[in-house]
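Asks: Residues per chain are reported as follows:
There are 2 protein chains.
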Amino acid sequence: MDSPSSSAPRFAPVILAGGSGTRFWPRSRQARAKQVLALDGERTMIQKTIDRLHLLASPKDVWVITNGLLEETIAQQLPEVPRENILSEPAARNTAPACALAAFLLEPKAPDTVIGVFPSDHVISDVERFAEVIRAGIELAASGEKIIVLGVPATRPETGYGYIEQGEVVREGSVPVRRVRRFTEKPNHRLAQEFLAAGNYAWNGGIFLWTARTLANAIREHRPAMAPLLEKIAAAHGTPEFDQVFAQLYPQCENISIDYAVLEPRSAKGEVKSEIYCLPADFCWNDIGCWGSLHEHLTEGTMENKIDATDPVHCTIDAERNYVYAPGKVVALVGVNDLVVVDTGDCLLITARERSQDVGKVVSELKKCGREGLV
Amino acid sequence: MDSPSSSAPRFAPVILAGGSGTRFWPRSRQARAKQVLALDGERTMIQKTIDRLHLLASPKDVWVITNGLLEETIAQQLPEVPRENILSEPAARNTAPACALAAFLLEPKAPDTVIGVFPSDHVISDVERFAEVIRAGIELAASGEKIIVLGVPATRPETGYGYIEQGEVVREGSVPVRRVRRFTEKPNHRLAQEFLAAGNYAWNGGIFLWTARTLANAIREHRPAMAPLLEKIAAAHGTPEFDQVFAQLYPQCENISIDYAVLEPRSAKGEVKSEIYCLPADFCWNDIGCWGSLHEHLTEGTMENKIDATDPVHCTIDAERNYVYAPGKVVALVGVNDLVVVDTGDCLLITARERSQDVGKVVSELKKCGREGLV
Numbered sequence: 001m002d003s004p005s006s007s008a009p010r011f012a013p014v015i016l017a018g019g020s021g022t023r024f025w026p027r028s029r030q031a032r033a034k035q036v037l038a039l040d041g042e043r044t045m046i047q048k049t050i051d052r053l054h055l056l057a058s059p060k061d062v063w064v065i066t067n068g069l070l071e072e073t074i075a076q077q078l079p080e081v082p083r084e085n086i087l088s089e090p091a092a093r094n095t096a097p098a099c100a101l102a103a104f105l106l107e108p109k110a111p112d113t114v115i116g117v118f119p120s121d122h123v124i125s126d127v128e129r130f131a132e133v134i135r136a137g138i139e140l141a142a143s144g145e146k147i148i149v150l151g152v153p154a155t156r157p158e159t160g161y162g163y164i165e166q167g168e169v170v171r172e173g174s175v176p177v178r179r180v181r182r183f184t185e186k187p188n189h190r191l192a193q194e195f196l197a198a199g200n201y202a203w204n205g206g207i208f209l210w211t212a213r214t215l216a217n218a219i220r221e222h223r224p225a226m227a228p229l230l231e232k233i234a235a236a237h238g239t240p241e242f243d244q245v246f247a248q249l250y251p252q253c254e255n256i257s258i259d260y261a262v263l264e265p266r267s268a269k270g271e272v273k274s275e276i277y278c279l280p281a282d283f284c285w286n287d288i289g290c291w292g293s294l295h296e297h298l299t300e301g302t303m304e305n306k307i308d309a310t311d312p313v314h315c316t317i318d319a320e321r322n323y324v325y326a327p328g329k330v331v332a333l334v335g336v337n338d339l340v341v342v343d344t345g346d347c348l349l350i351t352a353r354e355r356s357q358d359v360g361k362v363v364s365e366l367k368k369c370g371r372e373g374l375v
Numbered sequence: 001m002d003s004p005s006s007s008a009p010r011f012a013p014v015i016l017a018g019g020s021g022t023r024f025w026p027r028s029r030q031a032r033a034k035q036v037l038a039l040d041g042e043r044t045m046i047q048k049t050i051d052r053l054h055l056l057a058s059p060k061d062v063w064v065i066t067n068g069l070l071e072e073t074i075a076q077q078l079p080e081v082p083r084e085n086i087l088s089e090p091a092a093r094n095t096a097p098a099c100a101l102a103a104f105l106l107e108p109k110a111p112d113t114v115i116g117v118f119p120s121d122h123v124i125s126d127v128e129r130f131a132e133v134i135r136a137g138i139e140l141a142a143s144g145e146k147i148i149v150l151g152v153p154a155t156r157p158e159t160g161y162g163y164i165e166q167g168e169v170v171r172e173g174s175v176p177v178r179r180v181r182r183f184t185e186k187p188n189h190r191l192a193q194e195f196l197a198a199g200n201y202a203w204n205g206g207i208f209l210w211t212a213r214t215l216a217n218a219i220r221e222h223r224p225a226m227a228p229l230l231e232k233i234a235a236a237h238g239t240p241e242f243d244q245v246f247a248q249l250y251p252q253c254e255n256i257s258i259d260y261a262v263l264e265p266r267s268a269k270g271e272v273k274s275e276i277y278c279l280p281a282d283f284c285w286n287d288i289g290c291w292g293s294l295h296e297h298l299t300e301g302t303m304e305n306k307i308d309a310t311d312p313v314h315c316t317i318d319a320e321r322n323y324v325y326a327p328g329k330v331v332a333l334v335g336v337n338d339l340v341v342v343d344t345g346d347c348l349l350i351t352a353r354e355r356s357q358d359v360g361k362v363v364s365e366l367k368k369c370g371r372e373g374l375v
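Protein chains in written order, with our numbering: chain A, 1 to 375; chain B, 1 to 375.
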């Protein structure tokens with residue numbers, strides 16, 4: 001390992017906020033995606049994301065990559081982030097170009113800056129532990145050409161996540177460090193069960209740490225077509241030509257996730273040379289992927305009735321395990337169980353809780369009916 | 001039988017419209033009861049009630065007995081009915097005083113007028129057959145001291161209705177006439193099954209026909225305390241003292257249904273002397289007692305999804321046999337069956353269809369919580 005720098009490493013969080021999140025329809029819409037909604041309290045998901053990072057970085061060093069539909073809303077929700085640090089992708093290109101753009105922006109002036117990539121729509125309940133783990137990750141990432149990933153302890157054979165196979169422990173301590181052997185995206189159920197049984201697999205929580213130089217070099221090595229495009233965009237940042245260059249070159253970038261673009265090829269090189277390490281994301285992480293999992297989160301797993309209706313009066317008769325969002329309404333449930341009900345001004349969704357991951361299909365149906373304005 | 005009059009009998013329909021109908025909450029409220037709602041079309045239940053009677057009576061001869069909360073709404077909905085014919089009970093006293101009041105109002109000037117008592121919140125689909133049966137009933141009622149009741153063909157062992165035991169046929173024809181042997185209110189399930197199996201029991205549909213004199217005399221005979229109170233109220237009608245007399249005396253009347261007050265004692269006198277006759281209410285009658293039975297009526301028994309939402313676009317995925325009322329909203333149902341959903345501006349009800357008769361309990365609960373304004 002390289003010698004650590006004497007001062008604390010510079011840290012630049014990059015928040016990925018371009019997702020559309022159709023599974024929270026009708027609350028979420030194209031221009032009001034999950035990350036800008038307050039699903040579990042007063043602050044929105046992206047506000048909570050940046051709140052967690054306040055312990056680790058100045059808001060001036062935060063970058064947000066989003067899209068044109070969400071840019072203004074995010075700028076309003078994050079007034080502490082410099083406006084020029086909020087970038088709208090001219091076209092959705094998955095996570096690799098977004099992460100890499102941050103690296104190419106920072107590399108020329110501060111190549112040793114540790115970039116932390118963070119999703120903008122996850123829930124993390126233990127914020128102090130989060131800060132402790134990320135601090136350890138920053139330190140490790142700063143000490144040479146390392147890639148740090150965070151592995152969420154797997155608790156069920158989930159087939160919707162990526163899995164990280166972990167190798168030997170290279171450092172014990174309050175934040176143990178393990179080598180990464182391999183990444184596997186969305187396994188089938190049988191394989192997911194094997195991973196869970198094996199014990200050394202963690203879910204990929206989408207949080208990565210590396211220096212700007214390490215990430216830029218990794219892109220040059222594994223995605224040689226993408227690198228010069230992003231270098232040109234980065235060089236134009238702060239100039240009058242930026243918007244035009246961004247709009248022209250970014251759509252030419254490959255549409256690929258950072259996992260596929262960099263992590264998988266790196267890990268495929270073998271255990272020792274890969275220099276990819278995993279830290280435990282043991283801070284009560286939850287990606288809140290659907291209304292059902294929001295209900296689970298809000299009731300701390302009890303799944304009792306949760307009625308989010310402003311008016312404190314409601315009436316339940318022989319009704320259990322329901323989630324209702326109906327601001328300003330008096331809600332009455334009679335003889336119904338395990339439902340999700342979401343009432344916005346213009347739409348009303350009723351779904352069985354166990355079917356709430358299919359809500360995205362409603363959005364597809366409405367688009368087919370020509371009701372783009374409702375999605 | 002008495003000799004029939006040479007000209008057509010005068011006919012005065014009395015529409016009973018004092019009910020509160022909590023089972024259609026949240027659409028129905030104290031000041032917006034079922035009878036003033038348009039549950040199955042453009043016209044309200046009471047408007048449809050009077051529409052049916054247009055073939056049989058002039059609106060000038062129609063009387064409406066309601067309560068103070070509904071009076072103005074009803075007057076607006078029935079502009080063709082003279083304002084002085086719409087009376088608000090100063091206190092709810094069930095159906096006997098209301099029916100009897102009409103008799104005492106009409107008896108002094110036109111004792112041979114046939115009074116027809118009609119509920120204001122039932123659905124009758126075959127209006128022509130209704131007119132044919134009522135015409136036959138008017139003729140029969142006019143021919144002496146007879147009481148005519150209408151018997152709905154019983155199709156299930158319903159325990160929520162009153163039953164009419166029918167005796168011999170006294171007249172064949174397109175509207176056959178049978179004697180009434182006995183009335184039985186709300187039998188238990190076993191008894192209701194026996195009635196259904198016996199074949200000569202019909203449901204009491206709450207429609208009665210008799211002359212003003214016959215009803216007034218029946219009240220004098222069976223409810224001697226009530227008769228002088230109602231005679232005084234009737235005598236004051238049209239005078240400046242009416243409101244005061246009505247408010248003072250009406251609450252002193254016994255709180256009793258016309259069935260218990262007159263029909264049961266009469267029928268108990270024996271088959272021949274009772275002079276109570278039953279005509280078939282075979283005109284597709286439905287009392288639409290709860291959201292579930294409205295759904296059944298609206299889908300003509302198929303129970304397919306019925307979404308009453310103004311906006312024609314909605315989305316159902318693996319969802320069957322649901323009723324949704326949500327004006328102005330786009331509705332999406334995913335993986336839910338047999339639900340009733342009613343979305344008003346201020347309240348949202350979700351109930352299993354088979355539990356919709358328990359919606360009245362919600363109203364009771366809200367009253368207990370001090371939310372009278374919502375019921």
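For the record, the hints were derived by calculation from the structure and aren't laboratory data. Hints may contain errors.
For identical chains, the list gives no copy identity; a pair is met inside one copy or between any two copies.
Straight-line Cα separation of at most 20 Å, EDC-like style, residue types lysine to aspartate or glutamate; simulated pairs [stated by the list, open to error]:
id: 1; residue 1: 186; residue 2: 308
id: 2; residue 1: 361; residue 2: 318
id: 3; residue 1: 186; residue 2: 172
id: 4; residue 1: 368; residue 2: 311
id: 5; residue 1: 186; residue 2: 158
id: 6; residue 1: 306; residue 2: 365
id: 7; residue 1: 367; residue 2: 231
id: 8; residue 1: 60; residue 2: 308
id: 9; residue 1: 367; residue 2: 311
id: 10; residue 1: 232; residue 2: 145
id: 11; residue 1: 361; residue 2: 320
id: 12; residue 1: 232; residue 2: 296
id: 13; residue 1: 60; residue 2: 372
id: 14; residue 1: 186; residue 2: 71
id: 15; residue 1: 361; residue 2: 346
id: 16; residue 1: 367; residue 2: 318
id: 17; residue 1: 60; residue 2: 168
id: 18; residue 1: 368; residue 2: 145
id: 19; residue 1: 60; residue 2: 264
id: 20; residue 1: 367; residue 2: 71
Asks: Work down the list of hints and note, for each, if the structure agrees.
Replies: Each hint, compared with the structure:
1. 186 / 308: The answer is neither: 33 Å in one copy and 41 Å across copies each exceed 20 Å.
2. 361 / 318: between (30 Å within a copy, 11 Å between copies)
3. 186 / 172: neither (29 Å within a copy, 77 Å between copies)
4. 368 / 311: Between copies only: 16 Å across chains, 36 Å inside a chain, cut-off 20 Å.
5. 186 / 158: within (8 Å within a copy, 55 Å between copies)
6. 306 / 365: For residue 306 and residue 365, only the inter-copy Cα distance (18 Å) is at most 20 Å; the intra-copy one is 28 Å.
7. 367 / 231: neither (37 Å within a copy, 68 Å between copies)
8. 60 / 308: Neither: 35 Å inside a copy, 52 Å across copies.
9. 367 / 311: Close across copies (15 Å), not inside one copy (33 Å); limit 20 Å.
10. 232 / 145: neither (24 Å within a copy, 103 Å between copies)
11. 361 / 320: This pair counts as between: shortest inter-copy Cα distance 17 Å, intra-copy 26 Å.
12. 232 / 296: The answer is neither: 45 Å in one copy and 67 Å across copies each exceed 20 Å.
13. 60 / 372: Answer is neither; intra-copy 36 Å and inter-copy 53 Å both fail.
14. 186 / 71: Neither, since 30 Å and 65 Å both go past 20 Å.
15. 361 / 346: This pair counts as within: shortest intra-copy Cα distance 18 Å, inter-copy 29 Å.
16. 367 / 318: For residue 367 and residue 318, only the inter-copy Cα distance (19 Å) is at most 20 Å; the intra-copy one is 37 Å.
17. 60 / 168: neither (37 Å within a copy, 95 Å between copies)
18. 368 / 145: For residue 368 and residue 145, the Cα distance exceeds 20 Å both inside one copy (48 Å) and across copies (68 Å).
19. 60 / 264: Neither, since 32 Å and 87 Å both go past 20 Å.
20. 367 / 71: Classified as neither: same-chain Cα gap 23 Å, cross-chain 47 Å, threshold 20 Å.
Checked against the numbered hints above, the structure breaks hints 1, 3, 7, 8, 10, 12, 13, 14, 17, 18, 19, 20 and satisfies the rest.
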